[in-house]
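Just so you know, the sequences run in chain order A and S.
For what it's worth, this note's numbering labels the leading residue of the first sequence as 18, then goes sequentially.
For what it's worth, this note's numbering labels the leading residue of the second sequence as 80, then goes sequentially.
Keep in mind that a hint or two might mislead.
No farther apart than 25 Å at their CA atoms in a straight line, the calculated lysine to any residue pairs in the SDA-like style are these [to be verified]:
1. K154/S x G175/A
2. K170/S x Q117/A
3. K141/S x Q119/A
What the hints contain is simulated information worked out from the structure, not anything from laboratory work.
Note that the structure is predicted; figures quoted are calculated from it, not measured.
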Amino acid sequence: MARRYDSSTTTFSPEGRLHQVEYAIEAINNAGTSVGILAKDGVVMASEKKVTSGLLAPARTSEKTYKLCPHATCTVAGLTADANILIDQARLRAGRYAYQYQEPIPIENLVEHVCNYKQAYTQYGGLRPFGVAFLFAGYDIHHGFQLYQSDPSGNYSGWKATVIGANNQAGKSLLKTEYGSSSSSGDEMKTDENPAKDETEMPTTVEALRLAVKVLNKTMDGAAASPDKLELFAMTLDEDGNCVHKILNAKEVEAVIAEVESETATAGDS
Amino acid sequence: MDTVFGVSYKGGVVIATDQVNARSILMYQQNLDKIAELSSHSAMGVSGPNCDLVNFSEYISKNLALYELSNDGMKLSTHAQANFCRGELAKALRKGPFQVNVILGGYDENVPNGGSLYIMDYLGSCHKVNYGAQGYASNFTLSIMDRDWEEGMNEEQAVKIVEHCIRELNMRFLLNQSNFIIKVVDKDGVRTVKADSDPSDN
């Protein structure tokens, strides 16, 4: 029955829904998972690379992680071709802001601009929405390190940790229990005399990378984690206060995977 | 013919302008306020024909207000405001220029001396300065400021320099500008230190 109201993006259904937008969001649930985690000293984003063919020429650029400006990077889940358009928009906006104000763009400002661009495709012109969800990681002096998620509807929100793409619900539930409890306090039992701290303690970037790999292990459904399936990204500040964007190389990824493996192996040992 | 000049000190800036509004042989008013308050912690002294003076200062200050509303109260730094202002002058230059010369000053917590002063002209040049003057007044005041200005001055010393400049103009400048308005921008915001003639007096 709702089929009648499915085709046009710019038409509400009788139940007050925009089906095309919802379908676009569905499309992303088939895409490679991406997890983002806010840390004390940075932001971490880990993505699943969907290996399609051994015949593919080795990529020089990433299919998941994109730098938007000196102090912001995003990861993509969904239609890469759609993502490229939006990433261009984001880069343009960041550059134009820097030209106008001679200052780096505040991250929320950048995210909102991309999202407003996406929203237009849900209201005007009869064009389909973008089939992309983003995780934006950035730093500005107003709010420090930040992590945002956005979807095809043009909605965005700030997160301490979140997951997009395939199996994101499983990833999110793992984050709910594991984010904020450092491995040292994780052994204590939560009893009435010893309630869990109300304030979740932020992990360090190093801890966050490990947690991100843990999440991907869960969402990738038991497939063995390896550097050619995972892309790990970390944003931190150097001693001069400039942003460092780092995509970990194969050796570093191996090291994190190994640490996570040994942690899970010894978990539960008293 | 407008006198616009400013002095920065440790903790803020002082901006002073004359209050004359005249054209040809006619004096329209003697109590014009030529220092536009841009945001809570910045102000801009503007010189030029009254139409552009008012139009430009309102255009800039309202756009800056819009930024704060659109960005959840986030304030633009003085540096960003000055560059925005300069950008607008540059954009308009090859279309319909704003014939204004500007001294923009503001206070920011995270800036070493707190106060920062920018001098801009109608062609879109912009430069950060310790002190500056626009128009004929520069011929009389710059040498005084060159001599008297010191790093690390306080507000009282800065205002004294401004008053020294005003005395000099009253003595040597051909045009009679009897009324001046002096505003200070510091951590507490923008406030009028002295207005020889009340701008709200109609």
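Going through the hints against the structure:
Between K154/S and G175/A the CA atoms are separated by roughly 20 Å; this keeps the pair inside 25 Å, and the hint holds. Simply put, K170/S and Q117/A have alpha-carbon atoms about 11 Å apart, close enough for the 25 Å limit, and the pair holds. For the given pair, K141/S sits about 20 Å from Q119/A by alpha-carbon distance, which is consistent with the 25 Å threshold.
Hint compliance for this structure: no hint is broken.
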